[in-house]
Amino acid sequence: MTIEKITIDCTVNHTAHSIRAYPMARLLDVLREGLRLTGMKEGCGEGECGACSVLLNGELVNSCLVPVAQVSGANITTIEGIAAGDQLHAVQQSFLTHGGAQCGICTPGMVLAAISLLERNPNPTEADVRTGLAGNLCRCTGYMKIFAAVVEACQK
Amino acid sequence: MSTNQTQIVGQSIQRKEGRDKVTGAMRYVDDLLFPEMWFGATVRSPIARGRIRSIEFTGNLPWHEFTIVTAKDISGQNCTALILDDQPCLADKFVNHAEEPVVLLAHPDKYLLEEARRAVKIDIEPLPALFTMDDALNQTEIIWGDDNVFKTFLVEKGNVDDVWASADFIVEGEYETGAQEQLYIEPNGMIAMANADDGVTVWGSLQCPYYVHKALLKLFGLPPDKVRVIQAATGGGFGGKEEYPSMIAGHAALLAWKAGKPVKLIYDRAEDMAATTKRHPSRTRHRTAVNKDGKLLAMDIEFVIDGGAYATLSSVVLSRGTIHAAGPYACDNVRVRSKAVATNHPPHGAFRGFGAPQSIFALERHLNKVAATVGLRPEELRRRNFLHEGQTTATGQVIREKLDLDGLLTRALELSDYHAKKERFAEHNATNATQKKGIGFATFLHGAGFTGSGERFLESVVGIEATATGNVCILVASTEIGQGTNTILSQIAAEALRLDYEMIELAQPDTANVPNSGPTVASRTCMIVGKLVESAALGLKQTLVQSGLLTDDYSLDEWRQACAIYIAEHGALKSFSKYEAPPNIFWNDETYQGDAYGAYAWAVYVAEVTVNLVTYETRVDDFVALQEVGKVINPVLAAGQIEGGVAQAIGYALYENVVWDNGTMRNNQMTNYIMPTSEDLPPIRVFFEENPYTYGPSGAKGIGELPMDGPAPAILNAIESAIGVRVNCIPLLPETLMKVMNA
Amino acid sequence: MRAYLPAYDLQTPANLAEALRLLADAPGVWKPFAGGTDLMVLLEAGKLAHKQFISLWHLPELRGISITDDSITLGAMTTYSQVQTHPILQREFPLLCQAASWTGSVAIQNRGTIGGNIANASPAADSLPALLVYEAELELVSARGARWVSYQSFHTGYKQMAMRSDELIKAIRLPRTTNQWIQHSRKVGTRKAQAISKVCIAALAKIENNTIHDIRLAFGSVAPGPLRCVQTEAVLKSRAIDDATIKDARSALAAELTPIDDIRSTAEYRLRVAGNLLAEFLAGNGIDFHSDR
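Protein chains in written order, with this note's numbering: chain F, 1 to 156; chain W, 1001 to 1743; chain Y, 2001 to 2293.
To be clear, the hints were calculated from the coordinates, so they are not data collected in a lab.
Hints may contain errors.
To be verified - Taking lysine to aspartate or glutamate pairs in the EDC-like style, the calculated list, with each CA pair at most 16 Å apart, reads:
(1) Lys2237(Y) / Glu2268(Y)
(2) Lys1631(W) / Glu1679(W)
(3) Lys1093(W) / Asp1123(W)
(4) Lys1072(W) / Asp1092(W)
(5) Lys2051(Y) / Glu4(F)
(6) Lys1214(W) / Asp1621(W)
(7) Lys2192(Y) / Glu152(F)
(8) Lys2051(Y) / Glu1115(W)
(9) Lys1226(W) / Glu1271(W)
(10) Lys2047(Y) / Glu1679(W)
(11) Lys5(F) / Glu1380(W)
(12) Lys1295(W) / Asp1168(W)
(13) Lys1541(W) / Asp1552(W)
(14) Lys1093(W) / Glu1056(W)
(15) Lys1541(W) / Glu1465(W)
(16) Lys5(F) / Asp2261(Y)
(17) Lys1402(W) / Asp1109(W)
(18) Lys1110(W) / Asp128(F)
(19) Lys1739(W) / Glu2268(Y)
(20) Lys5(F) / Asp29(F)
(21) Lys2192(Y) / Glu1690(W)
(22) Lys1739(W) / Asp2009(Y)
(23) Lys2192(Y) / Asp1109(W)
(24) Lys1292(W) / Asp1168(W)
(25) Lys1402(W) / Glu1389(W)
(26) Lys1214(W) / Asp1085(W)
(27) Lys1402(W) / Glu1414(W)
(28) Lys1110(W) / Glu33(F)
(29) Lys1421(W) / Glu1379(W)
(30) Lys2047(Y) / Glu1115(W)
To be verified - In silico negatives: residues of chain Y with every beta carbon more than 10 Å from chain W:
(31) Leu2016
(32) Gly2028
(33) Arg2063
(34) Asp2069
(35) Thr2073
(36) Thr2085
(37) Met2163
(38) Gln2194
(39) Asn2210
(40) Gly2225
Bear in mind the structure is a predicted one, so any value in this text is a computation, not a measurement.
All C-beta atoms, glycine included, are put in the ideal place defined by N, C-alpha and C.
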């Protein structure tokens, strides 16, 4: 049995899109391959590493675990929608200043997780930061520079 | 306009490619798209050892649409060229480890490709396989060569056998370390275009473009100018993208050649973990003679590593582990006997530290046992045996630099509040039945650059080119994999030429455009390649000065003008620099004696732990990492290297366990192979001392691997101080600790 | 991505009635699909055997938290994030909130649902032991009607549930009877965050003057499903907390648990640590804890 592709209307980075895809297609693949938004990465394909994080209706999710049939009408923000033109978001700038990015593969997801955390909790303690970022694995930094970046970003 | 005098080396300048990384604009291999690109997949051996009887393409699939590659499609030599060239690119007739590649498939529809991968049935007649170092050594089967041994080393200083009789104490111990997955967050991947007219071009996630280049030359039997290797942005390597990318590049290129289409071959996490290299498991036996004053009289060390099914890099991993096995101590009689043996595991390979974390773990655990036997505190035992200027290492290398390990140890113990905590923890542990606190440390060294004659053989070359605008492009095959290559090499060039950092850029590593500056491994990029960048930069300046276009004291404008004039007259302004060994550095490959490394980084790491006796879990509460690394080029990046290395090493010590089942990794998922999250790590407090090294750029040495060496023994020493139980294997999982404590 | 995508269907019915009709018309053909945090992992690995699913994520009838004097009712699609931040749940059902905070990471908690967790029926699920000790009830609905069942008898074996193929879990009801109880839970995972449990405990007890008047104990990852330990509870009821009681409770617990070796831990570890966790809970509410060494 072969299933037909379906049409999904949703908003990505403030732009309306009509997407044709198999209903069980991962949001990750639809955004990366269909819309060429390649900032999010596939690190594990099982919701463990957070490299594919996006904001779905304002909430942090792993796009590898979201079937596209479930995003009809949704508002999606990817890393490409974070900076305002040339103006970096405070979290992005802070990652640059504090060395929060090394190889960069976890960085887009990590930045989105940090932004999501600061939206829920504008003045997080270090413990809050650790919890808020625990779903985003980084193998390069040991996280210390990322904590520093997030703490500084929320002071702005 | 005044001369640009700003110091650039030593500043925490922002990462060169940082902006693209925080905005998601950086393009990694899986982000690249080529017209008419197909997708590739690898069909692998389900068992560890056997004879291939048949390959069947089953199921109701349009097989005619697929490109299918097996060993018989290889036009050159069926090997992944490295050191011994014993590893086939595709298994032919026999398989020697689980997940060994046998068949390659390509198709434009990647979902159908997965159906096809499942439908290829490889029928293999099983043969007996080896999975332990003891079975390999005992030759219960011969699976490689005549004796299952890839490589043996013997390092001898003095004569240990003359000492045993006169020693006050002889202390023995056995230490084991497990396999460790590099777990870069970007899985391996390659894209290839290949045909008879244009040759082979690959883009990929890799550390060593010229390793891949060499492998493709042999696989296709092509001349060097017909093979081109381009590094895409690379999402972490840690050694895991040192040798294995040559295999994947070969596979992608074979498919592309046969399909006549570009082929993208990206591993998913499960495939990457199951099939690619891991850190070599090891076993070290120590026998140490010591007198009642704690002076080490003889160190007899037997070091064995499990190389897996093919030789790959095991000989050099063994070499580094062997040389580091006796640590930063002065002992007149040292013998290190080491072996890399074959098993039917997937080949173990490069991983940050490269043998040293294994042998240093053993030594730094063992010295605590020696100290306890003699009745000395662990720090006192070390103080009585530290290397000093003028003394020699196990390979007879005379320490020519200022070296104050005593001072380093004192400072590390102060920074960690070691002595006060030791007392406090003793009181705490006396009254708390379930939470036991401890503190421990390790003292160690790590050599920068290739071992022994390695750098001489490499003959690395670095180029640097100025444009008519006066901007400068560095031409190296050294890759940015997160560690900061682009940034520090730019800083070094900017410093040497007194230009703005923004005026320097790096050419994309592309074997068609950059010279072979050697592989991006072995803590060599800053010290060795950085020095060559510095020399090449100075060569550029010298050309302009000698042409009369520039004086020694120049402004940015004068520089720009000089470049413009020179290029208008000569067409291009380039300078190349080739490696030359520092004077007085000599290594004997036969006796394994001499100057093993141009320079060493020295370190003392202190770990504080709590062991929970309800759950047998160990938590690292605080971590101090103090090191002497020569001049620090970029403090934020350097600290980032140390913090990241310590985090990986905490994983190595306490969490990261590869579950083997007949040579197959069973926990090949991030969910079940446990690396530390942001909640699992202590504050990692990093401190540097700077003792500039004459032959490093601005005095810098190497630091990339160093932080991998010390944490595991420091943590296990801390655990012993917490619970009084000696455990000598890592990863030390709660399940192991429970067994030991209830034995 | 190892699945053959064109083989998979995911319908998004507009409302519950439509979803139930699909289930009723073709029994066994459709399976429910909630936030996807478990099923998508199987899909990615090429191991999702079933092919046709009905998305419940959007159904308004399965959302919302409603409160009466006697109980709190959670729609099955209530996410872990919603559980954690709900003030009454935080106050009266802290074990459930704690378990929700242990489940995966923020991104998982935003998608994972309490109903999905029950239906996935993993023995390692973090929130299920809490539901057991809170004596939750489930509302099962089908085109034929609705019925309430006790959660305690819901899991009948490994991934087996007392639910018909045309039924859905619509809601989870928690009786508001917890104010007199001491509440305790602890998870031992493979690491501190984003971990699958190796063993976990949820416990409620009424203890006065060092005597256990009533107790409810449940463990995860030590049996084919989450396990309410009624035998151990029986051993502990009306006993004073002392070394002998703890020893007896450990024995009873050891007899009741059936842990296994897997890639995350060993049966031996799970058994011993489960006993330690119980002892820690009892000791924390009575005498000093003695390690079993």
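Going through the hints against the structure:
Simply put, Lys2237(Y) and Glu2268(Y) have alpha-carbon atoms about 27 Å apart, too far for the 16 Å limit, and the pair is violated. Between Lys1631(W) and Glu1679(W) the CA atoms are separated by roughly 32 Å; this puts the pair beyond 16 Å, and the hint is violated. Of the pairs offered as hints, the one joining Lys1093(W) and Asp1123(W) holds, with about 11 Å between alpha carbons and a cut-off of 16 Å not exceeded. Pair hint Lys1072(W) plus Asp1092(W) holds up; C-alpha atoms about 8 Å apart against a cutoff of 16 Å.
Between Lys2051(Y) and Glu4(F) the CA atoms are separated by roughly 14 Å; this keeps the pair inside 16 Å, and the hint holds. Of the supplied pair hints, the one linking Lys1214(W) and Asp1621(W) is violated, its CA atoms being roughly 46 Å apart against a limit of 16 Å. Of the supplied pair hints, the one linking Lys2192(Y) and Glu152(F) is violated, its CA atoms being roughly 25 Å apart against a limit of 16 Å. With a C-alpha separation of about 15 Å, the suggested pairing of Lys2051(Y) with Glu1115(W) holds against the 16 Å cut-off.
Taking the CA atoms of Lys1226(W) and Glu1271(W), the gap is near 30 Å; set against the 16 Å cutoff, the hint is violated. Among the hinted pairs, Lys2047(Y) with Glu1679(W) is inconsistent with the structure: their alpha-carbon atoms are about 31 Å apart, more than 16 Å. Our distance criterion of 16 Å between C-alpha atoms is broken by Lys5(F) and Glu1380(W), whose separation comes to about 72 Å. For the hint pairing Lys1295(W) with Asp1168(W), the CA-to-CA distance comes to about 10 Å; that is within 16 Å, so the pair holds.
With a C-alpha separation of about 9 Å, the suggested pair Lys1541(W) and Asp1552(W) falls inside the 16 Å cut-off, and the hint holds. Annotation: proposed proximity of Lys1093(W) to Glu1056(W) holds, straight-line Cα distance about 14 Å (limit 16 Å). Simply put, Lys1541(W) and Glu1465(W) have alpha-carbon atoms about 11 Å apart, close enough for the 16 Å limit, and the pair holds. Annotation: proposed proximity of Lys5(F) to Asp2261(Y) is violated, straight-line Cα distance about 43 Å (limit 16 Å).
Annotation: proposed proximity of Lys1402(W) to Asp1109(W) is violated, straight-line Cα distance about 62 Å (limit 16 Å). The straight-line distance between the Cα atoms of Lys1110(W) and Asp128(F) is roughly 40 Å, outside the 16 Å bound, and the hint therefore fails. A hinted pair counts as satisfied when its Cα atoms are at most 16 Å apart, and Lys1739(W) with Glu2268(Y) qualifies at roughly 9 Å. Under the criterion of a C-alpha separation no larger than 16 Å, the hint pairing Lys5(F) with Asp29(F) is consistent with the structure, at around 14 Å.
Proposed proximity of Lys2192(Y) and Glu1690(W) is contradicted: the alpha carbons are some 36 Å apart, above 16 Å. Between Lys1739(W) and Asp2009(Y) the CA atoms are separated by roughly 48 Å; this puts the pair beyond 16 Å, and the hint is violated. This hinted pair does not check out: Lys2192(Y) and Asp1109(W) have alpha carbons roughly 40 Å apart, beyond 16 Å. Our distance criterion of 16 Å between C-alpha atoms is met by Lys1292(W) and Asp1168(W), whose separation comes to about 6 Å.
Pair hint Lys1402(W) plus Glu1389(W) holds up; C-alpha atoms about 6 Å apart against a cutoff of 16 Å. Of the supplied pair hints, the one linking Lys1214(W) and Asp1085(W) holds, its CA atoms being roughly 11 Å apart against a limit of 16 Å. Note on Lys1402(W) and Glu1414(W): the hinted pairing is violated, with a Cα-Cα distance of about 22 Å set against a maximum of 16 Å. About 12 Å separates the Cα atoms of Lys1110(W) and Glu33(F), which keeps this hinted pair within 16 Å; it holds.
Taking the CA atoms of Lys1421(W) and Glu1379(W), the gap is near 15 Å; set against the 16 Å cutoff, the hint holds. The hinted pair formed by Lys2047(Y) and Glu1115(W) meets the criterion: a straight-line CA distance of about 12 Å does not exceed 16 Å. The claim that Leu2016(Y) lies off the interface holds: its Cβ sits roughly 32 Å from the closest Cβ of chain W, which is beyond the 10 Å cut-off. For Gly2028(Y), the shortest C-beta to C-beta distance to chain W comes to about 24 Å, beyond the 10 Å cut-off, and the non-interface label holds.
Every Cβ of chain W is farther than 10 Å from the Cβ of Arg2063(Y); the closest lies at roughly 28 Å, confirming the non-interface assignment. With a cut of 10 Å on Cβ distances, Asp2069(Y) stays outside the contact zone with chain W, its closest approach being about 38 Å. Residue-level check passed: Thr2073(Y) sits 32 Å from the nearest beta carbon of chain W, beyond 10 Å. The beta carbon of Thr2085(Y) is kept farther than 10 Å from every beta carbon of chain W, the shortest such distance being approximately 19 Å.
Once the 10 Å rule is applied to beta carbons, Met2163(Y) is consistent with being away from chain W; the minimum gap is 27 Å. Distance to chain W contradicts Gln2194(Y) as a non-interface residue, since its nearest Cβ pair spans about 5 Å, not more than 10 Å. With a cut of 10 Å on Cβ distances, Asn2210(Y) stays outside the contact zone with chain W, its closest approach being about 19 Å. Non-interface call for Gly2225(Y) relative to chain W: holds, since the shortest CB-CB distance, roughly 20 Å, exceeds 10 Å.
Of the numbered hints stated above, those contradicted by the structure are hints 1, 2, 6, 7, 9, 10, 11, 16, 17, 18, 21, 22, 23, 27, 38, listed in ascending order.
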